[in-house]
Amino acid sequence: MGALQSAPAQPEYRDLADKTGFSYEQIGVLHKRFKQLSHNEPTLRRDHFSAIPDLACNPIRAQIIEAFFDRRNYRQNNEGKVEEISFEEFLVVMSHFRPPSMNMTDEQRESIRKEKLRFLFNMHDTDNDGTITLQEYRHVVEELLSRSGALGKETAKSIADAAMLEVASISMGHMEPDEFYEGITFEHFLKLLKGFEIESKMNIRFLNMDTTTLCK
Amino acid sequence: MLLMLLLLLTAGTGTGAGTGAGTGTGAPPLRGPALRSSPPVPASPSASPPLLLLPKPRAEYGAPGVASARSAAEEPAGGGGEEAGEQHHHHGGGFRVVQWEWSYVQTPYIIAIWLLVASVAKILFHFSQRFTTVVPESCMLILLGLVLGGIVLIANKKQLYQLEPALFFLFLLPTIVGDAGYFMPARLFFDNLGAILMYAVVGTLWNAFCTGFSLYAAKLVGVIDERVHADLLDFLLFGALVSAVDPVAVLAVFEEVHVNDTLFIIVFGESLVNDAVTVVLYKVYISFVEVGAENVQTVDYFKGVASFLIVSIGGTLVGLVFAVLLGFITRFTKKVRIIEPLFVFLLVYLAYLTAELFSLSAILSMTFCGIGANKYVEANISQKSRTTVKYTMKTLASIAETIIFIFLGISAVDKTKWAWDTGLVSCTLIFIFIFRAMGVIGQTWVLNRFRLVPLDKIDQVVMSYGGLRGAVAFALVVLLDGEQVRAKDYFVATTIVVVFFTVMFQGLTIKPLVKWLKVPRSTSRKPTINEEIHERAFDHILTAVEDIAGLQGYHHWRDKWEQFDKNYLSKLLLRKSVYRKSELWEAYQKINIRDAISVIDQGGNVLTSARLSLPSMTSRASFPEVTNVTNYLRENGSGVCLDLQVIDNVPGAKVEEDMETHHVLAENLYKPRRRYQSAYSRHFMPLGEKERQDREVFQRNMKSRMETFKSTRHKRHKKERSLKKRRGSDSKEDGNEKPRRNVSWQDKDPVVVPVESEEEKGEHSDPEKEKEEDEGITFVARKAETPKIRPKSVPAALEGCHSPPAAPYSPTSEDSHLPWKGGVGSPPPCVSVEATKIIPVDLQQAWNQSISSLESISSPPAPAEPVHPRVSALSRLGGPRPASYTPPGSLAGSTSSVGAQVAQGSFCFPEKKEEEEEEEEEEEEGALQEMRPLMSSLRPPGAMPPPPQPPPGSAPGSGKRRNPCVYLRSFVTAPPPPPPPPPPPPPGDSRSRGPTQL
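Line order of the protein sequences matches chains A and B.
Its first residue numbered 9, the first sequence is counted upward by one per residue in the numbering used here.
Its first residue numbered 6, the second sequence is counted upward by one per residue in the numbering used here.
Careful, some of the hints might be misleading.
Here are the simulated DSS-like pairs of lysine-lysine, each with C-alpha atoms no more than 27 Å apart in a straight line [said to hold, decoys possible]:
id, chain 1, residue 1, chain 2, residue 2
1, A, 202, A, 124
2, A, 43, B, 389
3, A, 209, B, 523
4, B, 565, B, 389
5, A, 202, B, 581
Since the hints were derived computationally from the structure, they do not count as laboratory data.
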């Protein structure tokens, strides 16, 4: 991926490439897209995202858009939300979806896995308290099913409850009578998705070729 | 032995008929019932490829009509062989009481016998577990075929049976491909479509050309003998037919190997799709050979390419058209559920035949018909139809596969059909292996530049090694025209060797290889609810990110397709009722049931998992397809369940009889059991006389009250029992005896064990939920139980083994003083497993509520312990759960909202409401009423020791006995209403389900 190409590497791309692992071409493509979305402004706001037509029918667009404005996803140990993002932040968030390189050690794989899961976790943990509460989880499931109207809401509730219960049983094992399960912590989240090959799933192919013109 | 017998029978009759047959006019043979399921019968022997292996002479006896068939049989001398002749002599010319009608039944008879032989052979193979894990079934079948063929040959001097291409292509292959296509994991297939197409098209072409040219080179060099008269075109033709990976062989071997899904779908997908390539190459070469190499013009090559495109794309289109048709038809079968499966079979088969009709790729057509229609058909047809389709398809495919491999073996024996040339055989073997490996490596290298998840070296090794050739190649080579391809006999021999080598040697060694290379295996584990949720979330997330990034990648288009599907296709092809919720249907249905199971799991498991360190997950993990719950339970029921009726779908005389028996037994066994109860005191402190009386009084007072409980309680028990049963059977099925031990410590005891342990487990898992205070009720249930349990277990034995059960189990003090433990030996109500599935968790809540209400009155011996958090959470969640608690039958897709009703009802006042609202319960209730008088007569009032006298009115056990069948009836005949419109959560419910409560 990060192979240096003879492309007209703008100096600012170099930092970004080091930081995110994208190639210059990919950064170029994404930059173009960024400008397209922001109408050539230096920053993107939420309404720019909302204006993407393809996103309109995505049931969980709100969460995904939110993820772009979440400081936790900028790899800087910050918290909180921002109102607008620059290209660098855009790119950093995008880099969570970069496919891992082919030859990885187990540790690398594990850290990539953790990183991706952390992104996912942050997406669900909307109030940023380190746990995904039942309320938050329900919200996720509800949104997932939101395409199906009112019916989905009740369904979502029971699914979320069941899922939560499952989490409780997986992560807590036996609980004392006075114990309550408060929410999914990140450790539990890791445990929960142990069998889930996120490192091979949470990937997108970033093209070196410019296709943005095809998008509205 | 049996096999031999059968064999001799067939061989004998074969020879008999064969020798007797002299001169025939070649009258068309009798047409057997043209069932798709049995290898059908030749239309006429004179038609170019005689379909079945039928000895030709015998065909002459067949006559078009019944009458002529009989008359043919009557010709004594010319006709039915020795046996027939004997009979004729005995009876002379007059009226014959018994007639030998061999020629009349011959065709279907032989077919049936063959099937029987094949099936029995399968049974025999599977007698030895260790053997079958090492040796793939396909190898065994081929070996069996060799043996059978040898015997027939020796007995007959002539090979009567062999794999005929027409039989293979028209009947055997479609059953296997149909099964594979219909049950193909569509998502996986399309996720890897690029790789599959690459391997199938490029790989096959590469293999075909390289093998062909290399063989020609070998011939020129002189490695291949002079006698093999073949030129370049012949070798190319041979290369084409021998290069294609065979779906049947791949499926047979890989299904046993359990490599990971991606690897499997790539190899298997390749084997399906490369059919188009093979067929086209084959046809092109055949036509080239016919016109002669020198007459082939350049334009013909382009025609060949065009032909390939048309054959493959056309075949796919035909398949898709039939898929749409099938989806559309099944949309309207609501009133005629019984023929739903038929439509599936017919249209899928028609897709195959239609493609064949236009000489398009039939395999592609059928595959895509199956893939395309699956989603809509499964949603449209009823659960029972779904099961029927599944089982029938699997059965047919299995039969076809068996026959194919056996006949491969048999055909190999016939020496007149082939000619051996060591050079050709060894060259072919080496070339196909080398080129396969080279092709795979080269293509993977290219593919990995584009794949997000690269295929690593191990995958490549398995893919190269998994390139099995099979019956398709054999059938194609047999179809060659010996006039035009003079080396046909050599090719046949080589193909047979190649097939045998790949299937037997590679098939045999691929498993150790996979193990040795540590190829990631597929996990049969079902994803958890959370994984399911995230899986779905992922699709959307990835799509969204692609959209944001302005990339039109795979996810983008998949999402587009899904929307198209939702907006147009589903509207067209799905029933309205289904369509409304088609969005969540798939996922929700799955989650629902799994959820239900997990709830049961946890409910019943709280104790066991914690105490026996049997993680609740394991039981669920090993639980097979969720939608199979019904069958699964039913199967297991036969082994473990006390209640025979559970298995009895059709209530009838048998049920009545059983009930009678139960009653008698109940009466007779009543005393021993009581004795036991008072004697058994490991965990149960016998109450004083006074207490007992008090209890009785209390009990009587509460009679009416309890009536309502009992149904609740039964259900809970049912649930638990079903859980246990499942778990037990799981471990049994896994061949894994250990976990089972943990759960049911009584396994060792031959007599009582299954029954008792079931019950006890049920009992054991109760405690946390119903604390001591529920004694009264418990006893009611238990008492009533007697009839049920007893019948199976010898009373004496019962006494002996009642105590052991508790011992290993009682690690915690908590358990051990629970009074209800006294009832350990006395099983809780024995109920149909089926019923349990209907019971929503809310019953637990109901139960808890009722207990607490009772509690206040009875002032139980011990204060109620805090309810286990999970349990309480469960019960709190009870409201919403029921929805998720879909009775399997309800999957059928009907839309009524019983679940929802229950959910709501359960919150107000559980017992009553439930009875009112849940129809099953009503039925149960009804049954109870019926049985009540009986039960009361059985029990001398006041005679009961610790267990308070069961109020006559509340003889649940007897009612129970009835229940299963009652319930079953409803379950089986009229699929229960259904599912899950998501239950509106009970109003008061939200408070308890707050995050902190979980």
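Hint by hint, here is what the structure shows:
1. A:202 with A:124: holds, 13 Å
2. A:43 with B:389: Violated, at about 56 Å.
3. A:209 with B:523: holds, 22 Å
4. B:565 with B:389: Status violated; Cα separation ~33 Å.
5. A:202 with B:581: violated, 38 Å
Checked against the numbered hints given earlier, the structure breaks hints 2, 4, 5 and satisfies all the rest.
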